[in-house]
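Based on the hints, put chain B with the ligands in the right spot on chain A.
Listed here are the chains, written in short residue letters.
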Amino acid sequence: MKKYTFTDKKDTRSGFGAGIAELGRSNPKVIALCADLVASLKLDTFIKENPERFIQVGIAEANMIGVSAGLALSGYIPYATTFANFGSGRVYDQIRQSVAYSGTNVKICVSHAGLTLGEDGATHQILEDLAMMRAMPEMTVINPCDYNQTKAATIAIADYNGPVYLRFGRPVMPIFTADDQKFEIGKAWTVNEGKDVSIFATGHLVWEAILAGEILEQEGIDAEIINIHTIKPLDNEAILKSASKTRCVVTAEEHQLNGGLGDAVCQLLSRNMPTPVEMIGVNNSFGESGTPAQLMEKYGLNAKSIVESVRKVIARK
Amino acid sequence: MDSKSLALQVRMKVLEMVHHANASHVGGAFSMADILAVLYNEVLTIDPQHPGDPHRDRFFLSKGHACSALYATLGLQGFFPLEQLDTYAMDGSMFLSHTSHKIPGVEISSGSLGHVLSIATGVAFAAKLKKTTFKVVCLVSDGELNEGSNWEPIMLAPQHKLDNLVLIIDYNKIQSLGFVKDVIDLEPLRAKFESFRWEVVEIDGHNHEEITDTVTTVSNNKNGIPKVIIAHTIKGKGVDYMENTILWHYRSPNIDLYNNALKQLGTT
Ligand SMILES: Cc1ncc(C[n+]2csc(CCOP(=O)(O)OP(=O)(O)O)c2C)c(N)n1
Ligand SMILES: [Mg+2]
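Line order of the protein sequences matches chains A and B.
If you count by the working numbering, then the first sequence holds residues 1 to 317, one letter each, in order.
If you count by the working numbering, then the second sequence holds residues 1001 to 1268, one letter each, in order.
Honestly, the hints are just simulated from the structure, not real lab data.
A few of these clues could be false.
Pairs of lysine-lysine residues, derived as DSS-like cross-links and limited to a Cα-Cα distance of at most 30 Å, are as follows [claimed, not checked]:
no. : chain 1 : residue 1 : chain 2 : residue 2
1   : A       : K2        : B       : K1128
2   : B       : K1173     : A       : K29
3   : A       : K48       : B       : K1131
4   : A       : K29       : B       : K1131
5   : B       : K1102     : A       : K48
6   : A       : K3        : A       : K48
7   : A       : K304      : A       : K29
8   : A       : K187      : A       : K232
9   : B       : K1130     : A       : K29
10  : A       : K232      : B       : K1102
11  : B       : K1192     : A       : K29
12  : A       : K48       : B       : K1222
13  : A       : K29       : B       : K1263
14  : A       : K48       : B       : K1130
15  : A       : K29       : B       : K1222
16  : B       : K1128     : B       : K1222
If you anchor each label on the Cβ, the simulated ranges turn out as follows [what the hints assert, rightly or not]:
no. : chain 1 : residue 1 : chain 2 : residue 2 : range
17  : B       : Q1159     : A       : Y160      : 26 to 34 Å
18  : B       : R1197     : A       : G290      : 50 to 58 Å
19  : B       : G1148     : A       : E308      : 28 to 36 Å
20  : B       : K1222     : A       : E237      : 54 to 62 Å
21  : B       : K1181     : A       : I59       : 23 to 31 Å
22  : A       : P233      : B       : N1244     : 18 to 26 Å
23  : B       : K1181     : A       : Y160      : 29 to 37 Å
24  : A       : F6        : B       : V1183     : 54 to 62 Å
25  : A       : P51       : B       : K1173     : 41 to 49 Å
26  : A       : D93       : B       : H1055     : 27 to 35 Å
27  : B       : G1224     : A       : V38       : 47 to 55 Å
28  : A       : D159      : B       : G1224     : 30 to 38 Å
With the Cβ distance kept under 10 Å, some of the chain B side facing chain A (calculated, not the full set) [what the hints assert, rightly or not]:
no. : residue
29  : G1114
30  : N1146
31  : E1147
32  : M1155
33  : P1158
34  : D1256
Each residue gets a CB set at the ideal place from its N, CA and C atoms; glycine is no exception.
For reference, chain A alone in the conformation it holds in the complex (with noise of 0.2 Å):
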């Protein structure tokens, strides 16, 4: 198993202020844009050097999304930002019809994904955004993994013409991923090369993949860990290559296990390479309030629940 080691920890959503400060910086296209949540959306950078380009909407999403559909339109790529939940349960319409159906290059970025935003609780804690815009035709989703891929990813963006769902969240998790990568669009990442089972991974369940990588090394069992950062479109090659050697797969991701990465992966494999699967995610419920470490462990999002499903899948073979 490949060594990952971190020196530091921040949350992605500091990778996602960075990385438009960045952008404000070198590409004056980019226009700002918040639903009265500028510092949880870590905007501070951006908004002190780019005041003119900057919308502070007010908490009114609906009219967030059609006002960048407006600058859209006018050449400039408008980044929309907000939480997870109100950037898309709270806007599908105006997604689905100014964004995804106009082909507008609007980049939703959305924070507090998932039940690691901890103790606001379940109306806040969407887990089932990624289902929403995976269905949506035209929209690239992406799930990044930690602060320097969330960074890489929020630069990425802007060089591509189209809808973009970027998901980040609150949480503060070790950085391991490199900090001058370059991020591609559907492009998955092989975090460690192994030979037993697959483990696709998204965004703040890699770090966790990798500790399980590292429980089942010392079992014998050599595990390939993939980060799949964008959940569409989907790396198939990547995903029926490691299969197709594996010969077994487990799913983890801080969503719904309905609509998923996980049934992503499913659908592909069961139409190309019927392989046995064993998903984590959330089983058809919704979040509580907590500390992120207690909510992943009450639903079994971590380290070791993905140590039992490799378990459970090998023996499936």
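For chain B with the ligands alone, coordinates are given in the frame of chain A:
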């Protein structure tokens, strides 16, 4: 062609389209036909040969269900061959029965109500940022103002002093299954907009001179205030059995009613 002849042609074309396709929403198309004819004939500068010209004036239709009138106006103005409208609302046609951005001259898709004023606000903001001077005109319907999403840009536009934004309300007093005043009374509508810090003008939405003068005047007035034109209109305007009736929001004319309507339009 003057705007009055254009409006007449638009109504006749719409009638043909909705009859042929057995489609809805003729009432809302007729209530805004005069506004569209004046905008495209007298007020807006948009070259039908170059609908993507960055300096063009922008027109945004929010009440996408009534797109037949916009399609007819664009077709008659030469944005695409008029005979293409024979496919309106038919299988495989690009002329969907709700506004599609795939049609030359259409800025954005609409159909789900309450979306487009936000988009026009974004365009007006971008125009200011780029220091461009084209007009930004957005047309919404009255029932559509029930949608809270409209009131978000109505709050935002004055905050950014978007005096280049002109909102026109097709105030035909009827929504899908009832009179506006019985569903959610919008009155006092002028006072609502004034209290939101908009400049308000009320006009007869079928009087071409009034429409021309008002839109031209308000869009030239760079006073830091967004403008709203409350256009009092008649749903189904131009055909007696359609005028002011709830029924003709959805109904499509059969052959007898179609001929009757054509005759009425032809003699006005
Ligand atoms: C969000 C949304 N809800 C409902 C509808 C269905 N609908 C289509 S037209 C209409 C009534 C429109 O009335 P009004 O806004 O007054 O338009 P007009 O009178 O100009 O036709 C409704 C409810 C819709 N298109 N969009
Ligand atoms: Mg109406």
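_Unsatisfied constraints (hint numbers, rising)_ = 1, 2, 5, 6, 7, 11, 13, 18, 19, 22, 23, 27, 30, 33, 34
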